[in-house]
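One line per chain: the protein sequences are Y and A, in this order.
For the record, in the first sequence the residue sitting at position 44 is 44 according to my numbering, with numbers rising by one throughout.
For the record, in the second sequence the residue sitting at position 193 is 193 according to my numbering, with numbers rising by one throughout.
What the hints contain is simulated information worked out from the structure, not anything from laboratory work.
Since this is a predicted model, take the numbers as computed values, not measurements.
We put the CB at the ideal spot given by N, CA and C, even for glycine.
Worth double-checking, as some hints may not be accurate.
Stated by the list, open to error - Under 7 Å between C-beta atoms, here's a sample of chain A residues computed to sit facing chain Y:
no., residue
1, P47
2, G49
3, Y108
4, T118
5, A148
6, Q152
7, A172
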Amino acid sequence: MTGRFVRLGELDRAPLAFSIDGEPASGLEGDTLLVAVLNQTDRLRVSEFGDGARSGFCLMGACQDCWLWSESGERLRACTTSLEDGMRILTQAPGREWLKIAS
Amino acid sequence: MAEDRIIVVGAGPAGVRATEALVQAGLRPSVIDEGQRDGGQIYRRQPEGFLRAKSELYGTEADRAAKLHETFAHLKPKIDYRPETLAWNISEGSLHVVRGAQSEALAYDALIVAAGATDRIMPVRGWNRAGVYSLGGSQIALKAQACAIGRQVVFLGSGPLLYLVASQYVKAGASVAAVLDTAPRQLRVKALPKLLARPDVLLKGIALDRHLRRSGIDVLTGVHPVAIEGSDERGVEAVSVRLPGGEVRTIACDAVGLGHHLRPETQLADLARCAFRFDAQTRQWQPEVDAEGRSSVKGIYLAGDSSRTLGADGAEAAGRLAALAALKDRGHAVSANEMARLTKTIARIDRFRQGISEAFPWPHQAAAELSDDTVVCRCECITAGELRAVASEKGATELNRAKAFSRVGMGRCQGRYCGHAAAEVVAAAAGLPLEQVGRLRGQAPVKPLPVAAGVALP
Ligand SMILES: Cc1cc2nc3c(=O)[nH]c(=O)nc-3n(C[C@H](O)[C@H](O)[C@H](O)COP(=O)(O)OP(=O)(O)OC[C@H]3O[C@@H](n4cnc5c(N)ncnc54)[C@H](O)[C@@H]3O)c2cc1C
Ligand code: FES
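Using the sequences provided together with the hints, build the complete structure.
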């Protein structure tokens, strides 16, 4: 899957490895989490209201469309969170995913 | 004189200039900003380690950006600066702030709110699809992260930011499929007398338009948005608009930057119980301020975009003036001449602001024409049809009642992106003037708090 965003410059930065729902991914030092994910794939998450893929909206911490989760269950606002090496990101709250498997 | 406890919310142009005036008066204000770095929206900074020059990031405004950043760097050791800190409530003379899991109440004698603005959005069918971003968001992707929001980008909406962001995309090497302005071009001619209040800024605007045309970009004006087409799975695939002649044009793209100018961030003013007034020209509620930035509540001052959209230069002047007003009210000696000069500058910039809102009006008529299945609230997928139903069947023609019945404005963004359009939809459905529908009241916390903060909500 190719990314939704296109990098237009600042390519000379250290690569950082992370994962999205267990799949290996890579970003660059200085990326926000949103930008790192959307350079790998075309979405951040799937809307809980049934209208399909979502990829953030405001990029300035105002709309809250970009929530992702860490494996420990911490909610991360992807557009205002910096990517860190080794981050393990989930696109659904871990509790919910577990419920899904159980049902 | 006893220590004055003054807090500034926001480290954009307005907040920085307010802070500077306070430090010059010998005070050590607290400055609260949610961002990692100072600069606010227009002078937003790229992360450490990025190499683009200021001229690349801020274009004609590079010098002003450099000056503002320098000023703040000098102020930092003299103030209590709290970056990455959200001001989330105001109660009994205290501002409640949270940083990570750390929450605190800061008592103040005077509070200067310079919280900026967010994009004002008129929904279009399909604007909830992946790949649609606010205009401001499209700009942030480029300015702060050196990315385009897609491979083929359409910019849709109205206002100066539409042309600015499109032009910045072209300069940075992104592919812009079209610029679609809902405002008819002739309105700019009509607004000219007011726009001439700032000839330099007017010329910069004309240059942007010209740059786009010279670059071969389709710039269509007076369009009526029909839909952002695509699929739930893949997101945006095209934008359709009806041209003034009636022809429908469909433009293929994989991303849309959408916005109709700005709306002020007024939640903190609301929580401080400031009075609001309806501005008939822009069709929005604004906190009442006097010419020097005093709100209706003693000790609360409002400056910059969070009271009126005056742009960056206006924000700098209004920030400084609000701080001088606060100092004066607390018994400090301030220069009456300087205050008079700033008031005059702001009046001129305000005339230009009126010209801009005449030239690029909020397309309120579009609300009545939204199909029933158009999503108005992106957060919870509440449609225009659902809103019309609560207005007509439940008689909920006051916005906060419509909110209670439909949940519009209760979602993640707390009405920032749907509030204005929802009011227009309800007003049109009920056949009421917009001001009678009211406005969504700001509530604490002004943004969702980190779960770990564990603060007790009021
Ligand atoms: C996304 C966007 C892009 C823009 N780009 C341009 C541009 O390129 N050119 C132009 O002329 N104008 C632009 N504008 C208009 C611009 O807002 C003004 O020109 C100028 O930045 C206004 O300055 P300000 O100080 O009033 O607010 P801002 O610059 O918006 O600063 C407000 C600050 O307050 C902080 N803040 C807000 N609420 C809270 C809170 N509750 N707690 C803590 N901190 C808070 C924010 O983090 C921000 O740093 C843009 C506006 C937006 C929204
Ligand atoms: S994209 Fe809007 S809050 Fe992150």
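| query | Does the CB of A/T118 sit less than 7 Å away from some CB of chain Y? | reply | Check passed: Cβ of A/T118 comes within 5 Å of chain Y, closer than 7 Å.
| task | With a cut-off of 7 Å on the beta carbons, see whether A/A172 makes it to chain Y. | result | Result: holds, 5 Å to nearest chain Y Cβ.
| Against chain Y, is A/Y108 within 7 Å by beta-carbon distance? | It is violated, given that the least Cβ distance between A/Y108 and chain Y is near 23 Å, above 7 Å.
| Residue hint A/P47, partner chain Y, criterion CB-CB below 7 Å | Holds, because the Cβ-Cβ distance from A/P47 to chain Y comes to roughly 4 Å (cut-off 7 Å).
| request: Closer than 7 Å between Cβ atoms is the bar; does A/A148 clear it against chain Y? Give me holds or violated. | output: Hint holds; A/A148 Cβ to chain Y Cβ min 4 Å, cut 7 Å.
| task | Go through the hint on A/Q152 and say holds or violated, using the shortest Cβ distance to chain Y against 7 Å. | result | 10 Å, violated
| Regarding the hint that A/G49 lies at the interface with chain Y, is the smallest CB-CB distance below 7 Å? | 5 Å, holds
Of the numbered hints stated above, those contradicted by the structure are hints 3, 6, listed in ascending order.
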